[in-house]
Each structure stands twice: as structure tokens, then as C-alpha cells.
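A.B. asks: Those protein sequence lines, which keep their order, are chains A and B. Residues in the first sequence are numbered consecutively from 1, following this note's numbering. Residues in the second sequence are numbered consecutively from 1, following this note's numbering.
The hints are simulated quantities; they were obtained by calculation from the structure and are not laboratory data. Predicted, not measured: the structure shown is a model, and the values here were computed from it. No residue lacks a Cβ here, since even glycine has one placed at the ideal position from N, Cα and C. Hints should not be assumed to be uniformly reliable.
Stated by the list, open to error - Capping the alpha-carbon separation at 20 Å, the derived lysine-lysine pairs in PhoX-like fashion look like this: (1) Lys-39/A x Lys-104/A; (2) Lys-62/B x Lys-45/B; (3) Lys-83/B x Lys-62/B; (4) Lys-42/A x Lys-104/A; (5) Lys-45/B x Lys-39/A; (6) Lys-45/B x Lys-42/A; (7) Lys-104/A x Lys-45/B; (8) Lys-83/B x Lys-13/B.
Stated by the list, open to error - Under 8 Å between C-beta atoms, here's a sample of chain B residues computed to sit facing chain A: (9) Gly-46; (10) Tyr-54; (11) Gly-114.
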Amino acid sequence: DIELTQSPSSLSASVGDRVTVTCRASQNIGSHLNWYQQKSGKAPNLLIYGASILQGGVPSRFAGSGSGTDFTLTISSLQPEDFATYYCQHSYTTPPWAFGQGTKVDIQ
Amino acid sequence: QVQLQESGPGLVKPSQTLSLTCSVSGGSINRPDHYWSWIRQPPGKGLEWIGYVYYSGNTFYKPSLRSRLSISIDTSKNQFSLKLNSVTAADTAVYYCARGDSDVYLSFDNWGQGTLVTVSS
Numbered sequence: 001d002i003e004l005t006q007s008p009s010s011l012s013a014s015v016g017d018r019v020t021v022t023c024r025a026s027q028n029i030g031s032h033l034n035w036y037q038q039k040s041g042k043a044p045n046l047l048i049y050g051a052s053i054l055q056g057g058v059p060s061r062f063a064g065s066g067s068g069t070d071f072t073l074t075i076s077s078l079q080p081e082d083f084a085t086y087y088c089q090h091s092y093t094t095p096p097w098a099f100g101q102g103t104k105v106d107i108q
Numbered sequence: 001q002v003q004l005q006e007s008g009p010g011l012v013k014p015s016q017t018l019s020l021t022c023s024v025s026g027g028s029i030n031r032p033d034h035y036w037s038w039i040r041q042p043p044g045k046g047l048e049w050i051g052y053v054y055y056s057g058n059t060f061y062k063p064s065l066r067s068r069l070s071i072s073i074d075t076s077k078n079q080f081s082l083k084l085n086s087v088t089a090a091d092t093a094v095y096y097c098a099r100g101d102s103d104v105y106l107s108f109d110n111w112g113q114g115t116l117v118t119v120s121s
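Kindly produce the complete structure, drawing on both the sequences and the hints.
C.D. replies: Right, here's the structure in full:
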């Protein structure tokens, strides 16, 4: 099974900061990497699919990059509503489709 | 806009069967481009994909749960269901149903609000 390792597990940042979260896959998954935002008590929300394609309605300050085994989620200028937990997830060919362990972004 | 809604008991006794249903509205469940999944999240922990059912009835389960898990689909009712038997406290979690869409790299683009299931006597 393919495993995903996110880093860091948590970070503290200020409004306006540039934030980067990384996700590493245990084998080559091409561009089959998706990113979600989850706020406390809510279901996750799809931000980016196919490693770099922004889901409709998601602000352009969110960006995804990478392919193969190494991927990055970047928030160019952190806004108050972005404080949440972020998960990567792979959807490469045959399941199981695993999630990373999550990165919690909180206020510094 | 497709909406998903989980329903089922919030409390299940150890060794019994956890049963949940996901009702889909605003779109047909009977489409080849969608994979209807169950995902769970233990309190304070991360997300765990546990399985999907396809419109044809084909399924795929997380290997560690395969012996206890069954997911089925009822296209006439536009809903799909999960049954997990022989539950223990480790199965306590918020259970989400979600739609995987092959048009967006099989990402989960629609989710239910989630339902907390507690396993306790």
C-alpha cells in the first residue's frame, strides 16, 4: 500500500505569512495527489486535485505543486479563515486511497 | 449541487454491527464516473479511507477491515450503506460518506457532514 508522510505535523503562523506543507509518497503516484482543508467539527473540503488544479471556488492564494513522490501545498498569504488542518490524499490507480496524517496550522 | 447525508445509530455495543446509510440528493448515484466512499476519523485523529462502492455494486475495502466490512449500493433509493461487524472501541469515530469523482482525479469533491458513532456498552 502507498503511504503518505506530511510535514510538519503542526505549525504556527501569522496572518499574511507564506505557509508551505509537504507530502511525500512512498512510491511514484504521478499527479494523483489531492489536498483538503478541515476546520474543527466540519467535514474536509477539497482544495486541490491532480497535485496542482485548484477546485472551483477555492481562493487563488492556495497552490499545489509536485509530481512523483514529493508534493507541496502553499498558502501565499495566510488569512484568518485558513487556520485549519490540511490533509493530502492519494488516488493512484488501485485503492486503498490513503490520507497523510495532517498538518495543523494555528495562530502564532 | 449534490448533497450527502449520513444516518444511523450513534451508539453501538462492542461486538455488534455498526450500520450507516448515506442518502444522496441533487444527483444520481447511478453514474460510472463516481466512487461512493466511506471515510472515518477517530476523535482527535486523522482521516482513514475505509472503502468504496461503485454504481455497479463493485466494492473495494481497506485490507485491514476487509473481513468485517460490507458496503452496498441501492440505486433505486439513491443511497449507499456501510456495515462493520464485531466492532470495538477502536471503531469509535466520525464516519463520513463522500463522492470520489473520476473527473477530478478521483478526489473527494462532496462530503456528508459526518456522524459520530461511539462503541460502548
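A.B. asks: Are the hints correct? Go through all of them and say.
C.D. replies: Verification of the supplied hints:
{"no.": "1", "hint": "Lys-39/A x Lys-104/A", "verdict": "10 Å, holds"}
{"no.": "2", "hint": "Lys-62/B x Lys-45/B", "verdict": "18 Å, holds"}
{"no.": "3", "hint": "Lys-83/B x Lys-62/B", "verdict": "14 Å, holds"}
{"no.": "4", "hint": "Lys-42/A x Lys-104/A", "verdict": "14 Å, holds"}
{"no.": "5", "hint": "Lys-45/B x Lys-39/A", "verdict": "13 Å, holds"}
{"no.": "6", "hint": "Lys-45/B x Lys-42/A", "verdict": "14 Å, holds"}
{"no.": "7", "hint": "Lys-104/A x Lys-45/B", "verdict": "11 Å, holds"}
{"no.": "8", "hint": "Lys-83/B x Lys-13/B", "verdict": "14 Å, holds"}
{"no.": "9", "hint": "Gly-46", "verdict": "5 Å, holds"}
{"no.": "10", "hint": "Tyr-54", "verdict": "11 Å, violated"}
{"no.": "11", "hint": "Gly-114", "verdict": "5 Å, holds"}
Hint check: a violation occurs at hint 10 only; the rest are consistent with the structure.
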